[in-house]
Amino acid sequence: MNVFEWSFLAGVLTATAPVLLAALGGLLCQVVGVFNIALEGQLLWGAFVAVVVSDLTGSAWAGVAGAVAATVLFSALLSIPAVGLRADPIVIAVGLNLLALGLTAFLMRQIFGSGGTYSSPDLTGLPDLGELGLDVPVLREQSPLVPVALLLVVVMATWLTRSRSGLRLRAAGQHLEAAEAVGLPVAAYRHGVTLAAGALCGLAGAQLSLGNVTLFSEGMSAGRGWIAVVAVMLSGVLPYRLLLACLLFGVAEAFGFRLQGAGLPQQAADAAPYVITLAALVLAALWRRKRSHEHA
Amino acid sequence: MTAPALARRVVVSAPVVAVAGALALTTLVMLVVGVDPTLAYPALIRGAVADGNLEYTVAAFVPTLGMALAFALPLRAGEFNLGGDGQLAAGGVAAAALALLVPLPPVVAVVLPLVAGALAGGLVAAVAAPLSTRLKIPAIVSTLLISTPAVALASYLVRFPLAEAGTGIAQTPTLPDAAHLPFLGGSGYVTIGLPLIVVLTGLWLYADGRTVTGYEIRATGQNREFARYGGVRVDRVAAVALAGGGAFAGLSGALIVLGPPYRFVDGALTAPGYTFTAVAAVLLASARPVVVPLTVALLTVLQVGGQGMEREAGVPSQLTQIVQGLIIVIVAVLATLQARRRR
Amino acid sequence: MYAAELVEVTKRFGPVLANDGIDLAVARGEVHAVVGENGAGKSTLMSILYGLHRPDAGEIRRDGRTVALRSPADAIRHGLGMVHQRFRLFPGLTVAENVVIGAEPVRAGRIDRAAAARKVAALSERYGLRADPSALVGGLPVGVRQRVEILRALYREAEILILDEPTAVLTPGETDRLFEVLRTVAATGVSILLVTHKLSEVMAIGDRVTVLRQGRVTGRFTTAETNADELVNAMIGRSLAPSAPKRARPVREDPVLEVRDLTIHDADGVARLSEVSLSVHPGEIVGLAGVAGSGQRELIDSVTGLRGAVPGVFLAGTPVLAGRDPRVAYVPEDRHGRATAPGMSVAENILMGAQRELSSRWTLPTAAVKRRARDLVDRFAISAASVDVPISALSGGNAQKAVLARELTRPSRVVVAEEPTQGVDVGVRERVHALLLAARDDGAAVLLQSSELSELRDLADRILVLYEGRVVAEFPGDATETDIGRAMTGATA
Amino acid sequence: GGTASETGTEAAPATSIILITPNPVGTNSFLQLGVKGAEAAAKELGASFKLYESKDPTSIAQNVDAAVRAKPTLVVGISFSFDDVFNTVPKANPGQQFLQVDSCAKDQAPNLACVSFKEHEAAYLAGVEAGLLSKSGQLGVVAALDTPFVHRWIEPFFAGAASVKPDSKGTPLYVGGSNPFSDPARAKSQAQTLTGRGVDVIAAAASGGNPGVFEAVAASGAKAFGVDVNQCALSPGNVIDNVLKNVDVAEAAAIKEIFGGKTGGVKVYGLAEGGVGVNALADDLASSGCTVADSPDVVAKVKQTRDDIVAGKITVADPLAG
Ligand SMILES: Nc1ncnc2c1ncn2[C@@H]1O[C@H](COP(=O)(O)OP(=O)(O)OP(=O)(O)O)[C@@H](O)[C@H]1O
Ligand SMILES: Nc1ncnc2c1ncn2[C@@H]1O[C@H](COP(=O)(O)OP(=O)(O)OP(=O)(O)O)[C@@H](O)[C@H]1O
Ligand SMILES: [Mg+2]
Ligand SMILES: [Mg+2]
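Chains A, B, C and D, in that order, are what the protein sequence lines are.
Those letters in the first sequence? Residues 1 to 296, by our numbering.
Those letters in the second sequence? Residues 1 to 343, by our numbering.
Those letters in the third sequence? Residues 1 to 493, by our numbering.
Those letters in the fourth sequence? Residues 1 to 322, by our numbering.
These aren't lab readings, by the way, just hints derived from the structure by calculation.
One or more of the hints may lead you astray.
In silico SDA-like links for lysine to any residue, alpha-carbon gap of 25 Å or less [unchecked claim]: (1) Lys-36(D) <-> Ala-313(B); (2) Lys-136(B) <-> Gly-92(C); (3) Lys-50(D) <-> Glu-312(B); (4) Lys-50(D) <-> Tyr-41(B); (5) Lys-36(D) <-> Glu-312(B); (6) Lys-71(D) <-> Tyr-41(B); (7) Lys-165(D) <-> Gln-304(D); (8) Lys-106(D) <-> Phe-149(D); (9) Lys-136(B) <-> Val-237(A); (10) Lys-91(D) <-> Thr-174(B); (11) Lys-136(B) <-> Ala-322(C); (12) Lys-50(D) <-> Pro-110(D).
Only a predicted model underlies this, so the values are computations on that prediction, with no experimental measurement involved.
Excised from the complex, chain A in its bound form (with noise of 0.2 Å):
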């Protein structure tokens, strides 16, 4: 088998496109030292609202709009204990995780009138960039968000390092007290930060329910937003970086569908992305490990 089939690259950014946007929110996070790990329901809340927009109006972008909107709202519940009142991030996104669950598949059956999946003709899905006109091999069948996501990454690691506000996120990031005793609006920055995650992950699910897919289906985020907040853990808040961490999700998913194929079980491919990530940790690590190492 041909891992370099253009449908194989494809697959993979198929795969990467919603975990790296997710991640993008959550790298912004970690710049100004919100541990955000309630990337998982933002993500899922954000499909859902982009589904219940697209299929109300019609229109997939009004759908993404949508999602971002409601996403950046709901991440307000991140934001404004987590930073205004300064309680534990951490437990606050474990009840968000949770509620984002229970709230969607809630509402699905309040709104749509069944749990499960929804599907329907009257939801418009984003368009191809193939329909839009660029017919390139690998973007062809990917919605409109994919290369935004790739761009986004480039735009991200100029603006954190060349510019102002970029340098007074990564010292807010740095030392709180510092930002605040050199008259930095800290919690500004983190309020901002937050929500501004949010929209991130609202581009997420859009692109998850509208762009690989067109549909909602209970819990569809599938631990995507865990992905997410790995791949953040391992970029060391390097753009270039998480975006690396993130095709390495993609491909080794895109490889355990190939070693299905080949004809492994089905659990090894589920492992695979874990394994794979796992391992590129500990090798990192001992990288680093070895490298000090041998200075002494």
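Place chains B, C and D with the ligands on chain A using the hints.
The following block gives chains B, C and D with the ligands in isolation, referenced to the frame of chain A:
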């Protein structure tokens, strides 16, 4: 403290206020979506405690409490164990394999699989310890990453080597009679797993507050550098705490498998979401270990009662997830406000 | 007209009245010292002036006009700058970034790094505050970090500069240099508020002094017209006992603590200690002097066992045990990071290290643990509401006494004390000194590291000077500060 | 205790049915059919109807207990997930009637009736269609999880294809992951993996993931098979046919028999009994929206194969039996 003063303290304590606040919010949600709260809440209570449901609630309390210990013990040492699912599945499959493959005399046939389950769970969790202490990979990440492969491995074992032939579902054959956990009294659900886990919880509470190990675990969790300075072998303490947590998870898995229907059914251990319910319960107890059994009981009642509410009042049981999520958020906020007021 | 005035300022933290109707005025170009016991309310008052706390009552005037300072940003706008007791720097940013942050030069939407570096270099040149603009702050010695803090205030063109215990972490040389800078700055019309526990400094650089005690002003002096005794009296309500006369020479016995040819490299392969040898005898205090980062940390970690088993360190003739050698009593410098677990109770903090001896097998005898803690709290005159309150509720001085109580009651013949009086008031300092001398008299071998030379001279029988990881000089206890200070800068005798 | 029919002879519905599902029904077409059948039967019989949805394997037992306590005329459980509970509960409650749909508890009590299906026969027919319509000879199945039961849709499908195209090749892929029955995104990726490798006909057995499979084939020009009900309309022009299982019909028939006094026993529905099938065999094929309608020769071949199976000329191997 006088009784009224004590009562006032309890009433305004964070968990009580949080539960009240969350119920108020949930009622609001119900009213907005057109569910009658006067029907829903009684149904919820009945679903949890009335008729024969109490028995079921108690049965569900056992693994949830076990998983709460699995999260709480490492947390006291400052390690987040989010890999409960993997440890639970590993414990369950180890217990099932032992009971199926090795013919054992009565009593031993129950005890050994339980021990095997605890060992397997502890082993899976212990992997995270050197990763955390030596390679600085936080346990919150590594336990999470190890969990899925462990669940997959258990699933594989149940699907292939240990599978029951000629059935449509991925499960092991029924375990031999000798390995069945005896029921408690005349119950059809509650096994001796209940007294076992209650005793273990008591032991843990005792160990946490009254033993050297408990003290060293707490010191490690409060300030690792301080503990190290005080001569505590913090790496070992962290490893012991993680492995101990994993052992509780593995034991919970074994208890499920040795109870009815006396087999490992693929997915049956992880699908009910014991792990995260337990995490929520422990966080709800906000670092007061004695409260953990109570918060576990509360969340179990909500979860089991939610099913009853759905059956009787036609209210989607997801509503209880909403209540739980809200409770956790509100508790965290209140705990913070309280801590601030103390300062 | 005063440059800044605090009028009737009152601030309450729960039951604690930290500032109680305090009046304080600073003139242009004046160096105004603020002294007082631990917990007297000095930091609180300075924080109010810098907008970090809001007063419950009272007002702040700047050049005669009442101003509202709701945040440091407001304070900065009104020309205030502050150097905090605990540094407020960004370890991952460069010196230049740390200085300009909040008022960065920008070109075409991007930070103009070249301009920033240029401006910072010019400032350090002008005030003689040397710091490499492109160095990462995380890797810098404390002295340099403090320069960065001061550079930051100067860059923002502060007209009023607040320094909260700036010399606590500086060597005498660094302190002298800092004071020179402060004089230069003051000469340009900048007002300086200086919080310190060291009365010698007050006399050396202050124009006027305000003394606080339990949140109130108990004295206002002009330095030219007062003396240290008068200040101490205002601070603690009594005079200090004359310091115990030093004993002649300790009895010569075999050393209990011996370090032979100890060499240690850090993770990057740089030698932090090179062939260090020393020995401490029973009944002797050996002082350890040196600029911060000269190898004190590595030496002390090796001696206490916290660095693991290192070859070349012996206690009573046998190698030091890895982890933490229980035979060493150790008073660490870092009260919050290492010496205490802030969230645990006083009793539990005092227990640390003795938990295994106190317990039979597994069980911790809680009653006995508390009894012992209460006993120590009494014996060491620690003021705490009870032994069950978290130790973070104690003032810095009392927390320090609790640490000393724990360590000095260990059954050990070696005591290692690291900056034991850093940040504590004169009363506590006196008490700590007495405790160390008593330990020595009981036959303990004491290794005392301090950045305060007067402390070393008061206590030590011998003083070793570390420079770049080597012992470069040994002095008798009564050597002059000038000689020791010279050795600390590497100038060979 | 006595049955409800003995106790209640007043105005309100004297008889009642409680249906318990192993999972939330949602858009799970199989469970929807189960509900439809029971509801229809209840209406016809004038009985009241209640639905208990289980969340997970553990809550099944709780729901069965609650149902038994409610003392309805009949308790219906859908799927093999009830094998264990129905091993014991009917024996403990001999006065209560039970019906298990789609499987049968091993140790069958006399008050437990069972309805099961020969899905493999229908899957074989779908395989025949797939073999005839595939150009590449590469076939695939996307299933939710690798459980033994799901193999009834896999091997017979490939066997049917091989019977008409001996050199055809079949690949099954499973959705898996942390939400296998409801992860359309992964299901779609799996289907894309297959189409990327040249597979041009995919049978979807991924439950909530099926729409994902249809989206994938729609984009790549391949074709799919639906499952349980007519899913051709979900993705017009892309679905060849469906492996039908007339759960509703069989279930309603069984309920009526039990209400009529014929309790216990096992009834197996295959092609012969009309319990399983494909849309190609249905009368309304033309209006079904299934693309197989455009290939009369294929339809003819399917009919003939059906006849052969019914006549015993062809035996479709049951993967579960092995
Ligand atoms: N944030 C706070 N919350 C509660 N109490 C506080 C707080 N800050 C200070 N205090 C209390 O206010 C009093 C004054 O503290 P402050 O820090 O101003 O003393 P200080 O004079 O700076 O002491 P030190 O010499 O130890 O630095 C102390 O009793 C202290 O416990
Ligand atoms: N957030 C707080 N809560 C309670 N007490 C506080 C708080 N902040 C400060 N304090 C009290 O104020 C005192 C003075 O604070 P400060 O920051 O000056 O530390 P310190 O006492 O000088 O100790 P150190 O010099 O070791 O930092 C502390 O000892 C402590 O008792
Ligand atoms: Mg202070
Ligand atoms: Mg202080």
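Right, here's what the structure says about each hint:
1. Lys-36(D) <-> Ala-313(B): Status holds; Cα separation ~21 Å.
2. Lys-136(B) <-> Gly-92(C): holds, 19 Å
3. Lys-50(D) <-> Glu-312(B): Distance ~9 Å between Lys-50(D) and Glu-312(B) Cα, so the pair holds.
4. Lys-50(D) <-> Tyr-41(B): holds, 20 Å
5. Lys-36(D) <-> Glu-312(B): holds, 20 Å
6. Lys-71(D) <-> Tyr-41(B): Given that 25 Å is the threshold and the Cα spacing comes to 24 Å, the pair holds.
7. Lys-165(D) <-> Gln-304(D): Distance ~16 Å between Lys-165(D) and Gln-304(D) Cα, so the pair holds.
8. Lys-106(D) <-> Phe-149(D): holds, 16 Å
9. Lys-136(B) <-> Val-237(A): Holds, at about 16 Å.
10. Lys-91(D) <-> Thr-174(B): holds, 18 Å
11. Lys-136(B) <-> Ala-322(C): holds, 21 Å
12. Lys-50(D) <-> Pro-110(D): Given that 25 Å is the threshold and the Cα spacing comes to 24 Å, the pair holds.
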